[in-house]
Amino acid sequence: MYIHLSQKDVRPLYEQIVDQVKALIMDGTLSAGESLPSIRQLAQQLLTSVITVRRAYDELEHQGYIYTRPGLGTFVSEISEGELARMRQEQAVELLSTAIRKCRALGLGKEEIEDVIENLLEQLDQPKEDRHDNRS
Amino acid sequence: MIIEARKLCKEYPAFQLKDVDILLPEGYVLGLIGPNGAGKTTTIKLLMNIIPPDAGEIRLFGMQWNEANEELIKQEIGYVGEEQPFYDQMSVKWTSNFVRQFYPNWDDEFYADLINRFEIDERNKVGDLSKGNRVRFALAVALAHKPRLLILDEPTSGLDPLIRHEILKILAEIISDGTRSILFSTHITEDLDKIADYIVLLNDGRVLLSDEKDQITAETKKVYLKRDDFHRLPSDLFIAHKMISNECVAVTTKFHELKRAYESITGDEPQAFGMSLDEVMLAYVKGEV
Chain A
644 MYIHLSQKDV RPLYEQIVDQ VKALIMDGTL SAGESLPSIR QLAQQLLTSV ITVRRAYDEL
704 EHQGYIYTRP GLGTFVSEIS EGELARMRQE QAVELLSTAI RKCRALGLGK EEIEDVIENL
764 LEQLDQPKED RHDNRS
Chain B
28 MIIEARKLCK EYPAFQLKDV DILLPEGYVL GLIGPNGAGK TTTIKLLMNI IPPDAGEIRL
88 FGMQWNEANE ELIKQEIGYV GEEQPFYDQM SVKWTSNFVR QFYPNWDDEF YADLINRFEI
148 DERNKVGDLS KGNRVRFALA VALAHKPRLL ILDEPTSGLD PLIRHEILKI LAEIISDGTR
208 SILFSTHITE DLDKIADYIV LLNDGRVLLS DEKDQITAET KKVYLKRDDF HRLPSDLFIA
268 HKMISNECVA VTTKFHELKR AYESITGDEP QAFGMSLDEV MLAYVKGEV
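Top to bottom, those sequences are chains A and B. Per our numbering, the first sequence starts with residue 644, numbered consecutively. Per our numbering, the second sequence starts with residue 28, numbered consecutively.
Quick caveat, the hints were computed from the structure, so don't treat them as lab data. The beta-carbon is built from N, C-alpha and C at its ideal position, and this holds for glycine as well. Mixed in with the good hints there might be a few duds.
Stated by the list, open to error - Residues from chain B that face chain A, not an exhaustive set, calculated with beta carbons under 8 angstroms:
1) K196
2) I197
3) S303
What the hints assert, rightly or not - Derived DSSO-like pairs: lysine-lysine, alpha-carbon spacing no greater than 30 angstroms straight-line:
4) B:K196 to B:K152
5) A:K651 to B:K281
6) B:K196 to A:K651
Isolated chain A (complex conformation) (with noise of 0.2 angstroms):
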């Protein structure tokens, strides 16, 4: 379980965790009843405060994603596939929102962000082959 934090990130570090967390569910790299590590463990690893990594763990399980069996530990639950599809589709709301507050703040108009993300959507959806060939 990989984790990185950073002070400069407006997010507080138990957030970055919780989110890192949630994604490594999402791309399925944690599985349903996949052991975690304790929190002193996880403070140690990523040399953090263990209250950071309390209340990270705190508000995953709250949300659903992990549970914890007293003297046994702490694992990631079972998520359905329908949840796992409406967790994807949340997270893409909240990227796409910033991204496209972003450019509203540029001065950008519905169409002109709309062309630039089927662009990007060609663009990106074409094989990394082709890609190459276009640019040589």
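Assemble chain B onto chain A, guided by the hints.
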């Protein structure tokens, strides 16, 4: 509680420490920060019973400093200061044997392990150790009796980032079983950005800020605003600001409140950045951004 100190006061002709509270539960790191002369070392001396307080109450491991408890408390404390008062002419081996006799709980295996990890040659004279190795050695000696409270008073000033990182790793290891705690006084707050659980900021003998570090970093943010928007927001949200023509950089200590207020005025999210403890300290102490 490892440390329970309330309303500590100490008066000197030119300096006064007033109403300082230090609370530290088992298994955590408390960072004591503040500019030089803020009262950090005085606070530590009071906690360690090197000087008596004029007023206030101190309990370490639930015990008050008195004749009956003195030895019990001392056995549970490890201390590393900025200067390490060793006999420079004596060897590392001699020095550790000398300290060892005062601590029945001295753990030879643990000490040997630390000395190995630090790659210190015990045949060296203490005076010949590099600055980094001298601090490493002091740390090994302070930890060998497995104290429940490790007190560090500016031990890492003047050390390079690699050694500081190594020391942080050892500190994280020490508290990982949940029974030991660390009081870390420093003006290099970078080390605390990472591992501190609690922060007490002293300035001019008083506590300016005392909270969980996460709470501080969650609420204290640097925000970039338009001059007009800054003036439309309640001024008590900020502790410092700087105008740059029509723009304003401000430090808020109530980020969530600011965010709500800003959103209701502009319909947008404020442009905000996290701050290091250094920047937080500067804003609190000097009112500067």
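Regarding the pair K196 of chain B and K152 of chain B, is the alpha-carbon distance no greater than 30 angstroms? Given that 30 angstroms is the threshold and the Cα spacing comes to 26 angstroms, the pair holds.
K196 of chain B and K651 of chain A: Cα distance at most 30 angstroms? holds, 21 angstroms
Given the hint that K651 of chain A pairs with K281 of chain B, does the C-alpha gap stay at or below 30 angstroms? holds, 18 angstroms
Once the shortest beta carbon distance from S303 of chain B to chain A is found, is it less than 8 angstroms? holds, 6 angstroms
Using 8 angstroms as the Cβ threshold, decide whether K196 of chain B counts as touching chain A. holds, 7 angstroms
Chain A contact restraint for I197 of chain B - C-beta distance below 8 angstroms: I197 of chain B check fails; min Cβ-Cβ to chain A is 11 angstroms, beyond 8 angstroms.
Hint compliance for this structure: hint 2 alone is broken.
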